Each structure stands twice: as structure tokens, then as C-alpha cells.
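J.: Could you build the full structure based on these sequences and the hints that come with them?
Each chain, letter by letter, is given below.
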Amino acid sequence: MQITSPAFKENARQALADPQLQKAMLHVRSGFIDKRQHAVDALPEFEALRESARAIKDHTLAHLDIYLEAYEEKVRAAGGHVHWAETAADARRIILDICRAAGARTVTKGKSMITEEIGLNEFLEKEGIRPVETDLGEYIIQLRGEHPSHIIAPAVHLTKDQVEADFRRVHDHLPPARDLSEPESLLGEARRVLRSQYFQADVGITGANFLVAETGSSVIVTNEGNGDLTQILPKVHVVVASIEKIVPTLEDMSQILRVLARSATGQDMSVYTTLSTGPRRPGDPDGPEEYHVVLLDNGRSAMLGTEFQDMLRCIRCGACMNHCPVYHAVGGHAYGWVYPGPMGAVLTPSLMGVDKAGHLPNASTFCGRCEAVCPMKIPLPKMMRHWREREFSRGLNPAVQRYGLGAWAFFARRPRLYRVLTSLAVPALALLGGRRGRFRHLPLARGWTKHRDFPAPERRTFMQQWREREVWKQEARV
Amino acid sequence: MSGRSVILARIRTALKVAPDDAARASAVAGRLAASPLGVIPARGQLPQKERVELFCRMAEKVSATVKRVRKAESVPKAVAAYLRARNLPASVRMGADGRLKAMPWTSVRSLEVKNGPAEPEDMVGVSHAVAGVAETGTIVLHSGADNPTTVNFLPEHHIVVVDAKDITGDLETALSGIRQAFGKGEMPRTLNLITGPSRSGDIEQKLLLGAHGPRALHLIVVDGG
Numbered sequence: 001m002q003i004t005s006p007a008f009k010e011n012a013r014q015a016l017a018d019p020q021l022q023k024a025m026l027h028v029r030s031g032f033i034d035k036r037q038h039a040v041d042a043l044p045e046f047e048a049l050r051e052s053a054r055a056i057k058d059h060t061l062a063h064l065d066i067y068l069e070a071y072e073e074k075v076r077a078a079g080g081h082v083h084w085a086e087t088a089a090d091a092r093r094i095i096l097d098i099c100r101a102a103g104a105r106t107v108t109k110g111k112s113m114i115t116e117e118i119g120l121n122e123f124l125e126k127e128g129i130r131p132v133e134t135d136l137g138e139y140i141i142q143l144r145g146e147h148p149s150h151i152i153a154p155a156v157h158l159t160k161d162q163v164e165a166d167f168r169r170v171h172d173h174l175p176p177a178r179d180l181s182e183p184e185s186l187l188g189e190a191r192r193v194l195r196s197q198y199f200q201a202d203v204g205i206t207g208a209n210f211l212v213a214e215t216g217s218s219v220i221v222t223n224e225g226n227g228d229l230t231q232i233l234p235k236v237h238v239v240v241a242s243i244e245k246i247v248p249t250l251e252d253m254s255q256i257l258r259v260l261a262r263s264a265t266g267q268d269m270s271v272y273t274t275l276s277t278g279p280r281r282p283g284d285p286d287g288p289e290e291y292h293v294v295l296l297d298n299g300r301s302a303m304l305g306t307e308f309q310d311m312l313r314c315i316r317c318g319a320c321m322n323h324c325p326v327y328h329a330v331g332g333h334a335y336g337w338v339y340p341g342p343m344g345a346v347l348t349p350s351l352m353g354v355d356k357a358g359h360l361p362n363a364s365t366f367c368g369r370c371e372a373v374c375p376m377k378i379p380l381p382k383m384m385r386h387w388r389e390r391e392f393s394r395g396l397n398p399a400v401q402r403y404g405l406g407a408w409a410f411f412a413r414r415p416r417l418y419r420v421l422t423s424l425a426v427p428a429l430a431l432l433g434g435r436r437g438r439f440r441h442l443p444l445a446r447g448w449t450k451h452r453d454f455p456a457p458e459r460r461t462f463m464q465q466w467r468e469r470e471v472w473k474q475e476a477r478v
Numbered sequence: 001m002s003g004r005s006v007i008l009a010r011i012r013t014a015l016k017v018a019p020d021d022a023a024r025a026s027a028v029a030g031r032l033a034a035s036p037l038g039v040i041p042a043r044g045q046l047p048q049k050e051r052v053e054l055f056c057r058m059a060e061k062v063s064a065t066v067k068r069v070r071k072a073e074s075v076p077k078a079v080a081a082y083l084r085a086r087n088l089p090a091s092v093r094m095g096a097d098g099r100l101k102a103m104p105w106t107s108v109r110s111l112e113v114k115n116g117p118a119e120p121e122d123m124v125g126v127s128h129a130v131a132g133v134a135e136t137g138t139i140v141l142h143s144g145a146d147n148p149t150t151v152n153f154l155p156e157h158h159i160v161v162v163d164a165k166d167i168t169g170d171l172e173t174a175l176s177g178i179r180q181a182f183g184k185g186e187m188p189r190t191l192n193l194i195t196g197p198s199r200s201g202d203i204e205q206k207l208l209l210g211a212h213g214p215r216a217l218h219l220i221v222v223d224g225g
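Respectively, the protein sequence lines represent chains A and B. With the UniProt record's numbering, letter number 148 in the first sequence gets 148, and the count goes up by one each step, no holes. With the UniProt record's numbering, letter number 91 in the second sequence gets 91, and the count goes up by one each step, no holes.
Any given hint could be a false lead.
With a Cα cut of at most 27 Å, we get these calculated DSSO-like pairs of lysine-lysine [what the hints assert, rightly or not]: (1) B:LYS206 to A:LYS35; (2) B:LYS206 to A:LYS160; (3) B:LYS67 to B:LYS165; (4) B:LYS16 to A:LYS382; (5) A:LYS23 to B:LYS206; (6) B:LYS61 to A:LYS35; (7) B:LYS114 to A:LYS235; (8) A:LYS377 to B:LYS16.
Just so you know, these hints were derived from the structure itself, not from any lab. None of these values were measured; they are calculated from a predicted model.
T.: Written out as C-alpha cells, the structure is:
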């Protein structure tokens with residue numbers, strides 16, 4: 001997919017002025033937050049599980065090469081194939097070869113952010129293979145030629161009326177007078193339309209929430225059941241997963257499962273957690289005849305050993321964006337690539353370069369809610385700050401900002417001069433603020449004063465007030 | 001193999017480790033062999049009677065329906081009652097599972113039992129779970145010659161029989177049962193952990209049941225089983 005992250009500011013401006021989007025985004029605020037809190041409150045061990053989950057991933061990442069080898073050996077022993085893809089292009093080519101060998105014309109897909117990352121659908125279409133998204137949200141956005149705006153709720157930016165219009169436009173073999181006024185009828189129609197696709201497909205492609213080294217299993221966690229129909233009905237099952245999805249054992253998977261669904265949708269457990277190990281066994285009445293795993297690196301190994309390694313603990317639950325005031329305001333598409341919200345603001349510069357995605361780590365108020373709710377305890381604000389530092393040191397941010405920060409740094413390193421200047425400026429500003437104590441207009445700060453007043457400072461600087469309090473305390477003690 | 005060696009070399013360079021570091025290899029081998037337990041919620045750690053009650057309560061919380069019967073012989077009658085109450089045709093699909101086969105299906109008049117993997121037109125599938133998990137109301141099913149996975153997903157109604165003695169307090173205990181049955185490090189082709197009927201919240205975050213999998217999940221708990 002085309003990256004539009006460099007145009008984040010323009011994207012955000014358009015998003016803020018889009019009434020449909022603003023209406024749809026209200027559901028994020030009202031839907032996810034309370035449900036998560038409720039599920040977390042009902043499990044006294046939740047904090048201990050977060051710590052346990054964090055430790056599991058840290059251990060795994062520190063031994064990632066060995067766990068990948070162990071996992072590969074188990075997949076092979078179960079009769080599956082493992083393919084290693086350094087880049088998105090490698091992964092696309094490997095998947096195409098598997099599809100060609102199977103004589104595939106149609107492939108069904110379970111929901112997978114990794115296949116979004118490698119731009120698989122556009123690629124397969126160009127090669128004459130028809131990809132069919134089967135997750136309801138993914139299906140809707142495929143009909144619209146869009147990309148997901150949320151990593152677990154891809155169509156969260158749309159209203160029911162928009163979905164109805166798309167179904168009427170695309171499902172033109174159905175009677176035009178049918179009633180689609182309720183979400184139930186839209187779901188029923190998607191279910192009927194997609195049922196036949198599962199049986200037509202030659203290859204089923206899914207992602208993976210976990211790869212278990214102990215058993216060589218790939219694990220998907222879903223609610224609809226489309227991922228399961230995608231992986232059991234076609235002749236060939238292809239799993240596309242990035243290298244950091246590895247966990248050592250079934251016990252480790254169980255620990256992370258307990259924080260995953262609660263953080264994502266506020267469920268204790270998602271409806272379907274399915275472990276797949278190799279192709280169908282002798283005597284099995286159903287299941288795929290071939291089983292392939294495509295392991296994707298695509299920039300992740302370069303994050304190991306850096307200040308961004310912690311990001312590789314991410315389990316893609318979406319809690320950070322569900323709790324992000326910036327995401328609430330602009331939605332996922334404004335971020336301009338596959339991964340939106342705080343996790344995208346850290347991951348996108350890592351995978352696509354800070355020169356393209358430098359706006360994203362700046363689109364944060366550093367309120368810290370993302371880190372507070374992250375089940376894997378990823379220090380997202382700290383990592384966004386690292387990206388800002390790198391952007392500054394490479395001279396990528398605008399000149400006004402650079403000179404402003406430079407000037408401030410000059411004074412901040414000369415405290416005496418700083419204090420003299422502020423002790424002059426603060427009373428002057430306080431005086432200018434007048435009795436209202438606020439500014440309606442300020443030169444250089446029009447972006448602020450256009451929408452709200454700027455508070456004028458108190459008459460004395462912070463340092464002056466502090467010293468005064470210290471004197472009072474001394475006197476009180478005497 | 002080039003992609004493989006490049007990726008592994010990059011990881012080792014980034015982690016500043018040598019490919020033949022014996023201490024690291026034994027740390028991994030040790031963990032894989034020992035499968036250490038993490039944090040187990042107290043919620044499911046209950047005596048048998050309360051554990052089964054918790055399982056039923058948690059399953060109902062996620063919109064499954066639950067029927068408890070005393071003996072395995074009563075299961076066909078309970079299935080027939082479910083079909084009647086919902087006005088469903090008297091026909092069910094099931095695999096060749098020995099525990100299901102041993103039940104007196106012919107005792108229920110005019111109930112058709114179809115064996116083998118599910119067909120698109122099947123309305124009701126019946127499976128036997130290998131375990132239930134009380135902490136979340138989850139049932140555990142696995143594929144095999146007698147247990148087609150399609151029965152769990154294609155029919156609109158999924159009826160699952162679970163023996164009360166197989167209901168564990170936590171997920172780890174249920175998975176260690178699988179490990180005992182198949183051997184350490186071995187798995188059936190498909191292991192399904194199912195918690196309630198299929199659902200989607202993809203349209204305006206409104207939760208709807210019956211997305212692609214079964215619209216209804218009915219659990220029959222056999223107490224004396």
C-alpha cells in the first residue's frame with residue numbers, strides 16, 4: 001500500500017472535517033474502553049499476568065534465533081513447510097509460488113495485518129489471483145478498496161449506512177427491495193455471500209497470533225470463525241507471520257492469551273483460539289493437504305538490540321489506539337500506513353523510516369494512557385520520544401521548530417541568564433494579560449489562540465515562587 | 001535457504017551473540033523441556049462441584065446455552081429436546097467419535113444421524129469435547145479420524161457434549177491433558193478452544209451473534225460421565 005504518512009497533517013485536517021468519520025469514531029470511545037476496564041477489574045491477577053507476559057516475550061526475543069530454529073524443526077516434523085522471507089517482496093513471491101503450484105484462482109483470507117503490511121491483495125490481483133477477505137470488517141473495506149483503519153476493527157471508521165450502501169452496490173444479484181436497515185441483516189448477507197467463497201477457494205491464507213516453538217503450531221485468535229473456515233476448507237493453508245510471534249511453550253501462550261482478549265475487546269477469551277500443526281493427518285476426514293508458514297522479517301531483526309526492541313513484544317491487541325486521544329480524533333487512516341495509533345507511531349518509523357513517518361511520533365500528547373493499558377508493558381511514549389530525538393539529530397523537522405528548540409536550549413543551559421530573562425518577561429506578560437489573565441491573540445502562537453485563549457503567566461516566575469515558599473517553610477519551622 | 005541464513009545471522013548480530021553459544025541453547029532447551037507455569041488465576045481453582053458450576057456460568061455469560069444431564073445415555077434425548085425447542089429439523093451431523101457412537105441414538109424416534117465431515121447444508125453439528133475450562137467457559141476439541149473440524153464451524157447450531165470430570169479449572173491443565181494424550185511437543189492437526197458462539201462487532205461496534213461460525217453453541221454437561 002502507498003504510504004501517506006508524510007502527509008499526516010493534511011490527512012488529520014481532512015479527518016477532523018469529515019462528519020461521517022467523526023460520527024463513526026464515537027463508537028471507539030464508547031465501545032472499547034469500558035469493556036476492557038470491566039474485564040480487567042474482574043481478574044485480580046491481571047497485573048501479575050502483564051508482568052508474566054512481558055517476561056515471556058523478553059526471554060523469547062533474547063533467544064529468538066534459537067526459538068525460530070526449534071519452531072521450524074517442529075513444523076517440518078509435522079509435515080509442514082517453513083519459508084523465510086527477508087522482505088515484503090520475498091514474502092509476496094513465496095506466497096505467489098505456493099498459489100501457482102496449487103493452481104489457485106481464488107484465495108480466501110482470514111484477517112491478517114501482516115498481509116496488509118506486505119500489500120498481498122494488490123499483488124495477487126495483479127498476478128490474476130482473486131483474494132477474498134472473509135472477516136466482516138475486512139470484507140467491507142475490500143469492497144470499498146480501502147485499508148483497515150484499526151488493527152482489530154478494520155471498518156471502525158464506517159457507519160452502518162455506509163456499509164449498507166456498499167452492499168447494495170456490490171451484491172447487485174440480490175433483490176434491491178431487501179431490508180438492510182439493521183446490522184443483523186448486513187451480517188446475515190455477508191455470511192451468505194461468503195459461504196460459497198470458502199468452498200471455491202484453492203488456498204486459504206491466515207496470519208498468526210502466536211507460533212509455538214514447543215509444538216510447531218500456528219495460533220489464530222478470532223471471534224467470527226472465518227479464519228477457521230479459511231484454514232480448514234481449501235487444499236492449501238498458508239500462514240503468514242512475522243518472526244516475533246514466537247512463544248516457547250503452550251503455557252507461555254496461555255499467559256499471553258489471558259491478557260490479549262481482555263485488552264482487545266474486553267472478552268475473557270476470544271470465541272475461537274485455534275492451534276494448527278502441519279497438514280491433515282492420515283485418516284483425518286477434513287483439513288488442508290498442505291501447510292506452509294511464511295516467516296517474515298521485513299525490518300524487525302534490525303529493531304533487536306536497539307531502543308525499539310520492546311516494540312517487538314506487541315501482540316496487536318489495539319488497546320493503545322482505543323485509549324489514544326489523537327487516534328480518537330483523526331481515526332486510523334490519517335496515520336498513512338498499515339499500523340495506526342501509538343503502536344503505529346513507533347513501528348511505522350522503524351519499518352518505513354523516520355524520514356517518511358516522522359510526523360507520527362510527534363502526533364502524541366504524551367498523556368501516557370497507551371503505556372498504562374498496554375498488556376505487554378511497552379513504553380510507547382518513551383519510544384516516540386526516541387524517534388523525535390532521532391528526527392531532530394538528523395535535521396528532519398521544520399526550521400522554525402529547530403531554531404526555537406535551539407534557542408530554548410541555549411538559555412536552558414545558562415540558568416542565570418534564563419532566570420534574569422524570565423523574571424523580566426513574566427511580569428511583562430502578566431501585565432499585558434490584563435485583568436482577564438488571558439490572551440486572545442499572540443504572535444507566533446496563532447495555532448493555539450485561534451481555538452482558545454492562552455493563559456497569561458502569574459506575576460512571578462516558578463523559581464521566584466518556589467524560593468518564597470521555602471522561606472515560608474523555614475519561618476514556620478522556627 | 002538464503003533467506004533463512006540471512007535472517008538468523010541478522011538476529012545474532014543484533015543480539016551480539018555467536019551462533020554456537022551453548023549457554024543460550026541450553027536455556028532454550030531447558031525452557032522447552034520444563035514448560036514452566038506462569039500466573040494461574042485463582043478463579044478456577046475450585047472443588048469439582050463448584051468448578052463445574054463456574055464452567056456453566058462462564059459459558060452462559062458468553063451466550064452459550066447449557067444443559068446438564070446425569071448420564072451419557074441421556075444425551076440423545078437432550079439433543080432431540082434442543083432441536084424441538086428451536087424448531088430445527090430432526091437431523092444432526094457428527095464424526096465417528098467413540099463416546100458419541102456409544103450413546104443410544106436410535107432410542108430417539110425419527111432422529112437422523114449423519115456421520116462424516118460437515119456439509120454446507122447441515123443445520124446442526126454434534127461434537128464431544130476432550131475438556132472444558134472453567135475459568136472462561138471454554139470447550140476444547142481436537143481433530144482426528146473420528147473428529148472432523150468442519151462439524152465445529154459449518155452448521156448453524158453446534159452441540160458439544162462434555163464430561164464433568166474433564167472440566168479443568170484453568171487452561172494450562174486442559175492443555176497438559178492434550179500433552180499427555182499426544183506426547184510432549186506433539187499436537188493434533190487442529191486444536192479448537194471455543195468460547196461461546198461466533199460473533200462480530202465490526203459494524204458500529206454492535207455485538208452480533210452468528211458471523212461465520214455457529215449462531216448458537218449448546219453445551220451438554222454429563223455429570224456422571
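J.: Would you mind marking each hint as holding or not holding in the structure?
T.: Outcome of the hint check:
Using a Cα cut-off of 27 Å, the hinted pair LYS206 of chain B and LYS35 of chain A holds, with the two alpha carbons roughly 13 Å apart. Among the hinted pairs, LYS206 of chain B with LYS160 of chain A is consistent with the structure: their alpha-carbon atoms are about 10 Å apart, no more than 27 Å. Distance hint between LYS67 of chain B and LYS165 of chain B is fulfilled; the C-alpha atoms sit about 16 Å from each other, no more than 27 Å. At roughly 24 Å between alpha-carbon atoms, LYS16 of chain B and LYS382 of chain A fall within 27 Å of each other, so this suggested pair holds.
Using a Cα cut-off of 27 Å, the hinted pair LYS23 of chain A and LYS206 of chain B holds, with the two alpha carbons roughly 14 Å apart. Of the supplied pair hints, the one linking LYS61 of chain B and LYS35 of chain A holds, its CA atoms being roughly 14 Å apart against a limit of 27 Å. Note on LYS114 of chain B and LYS235 of chain A: the hinted pairing holds, with a Cα-Cα distance of about 24 Å set against a maximum of 27 Å. With a C-alpha separation of about 24 Å, the suggested pairing of LYS377 of chain A with LYS16 of chain B holds against the 27 Å cut-off.
In this structure, none of the earlier numbered hints is contradicted; all agree with it.
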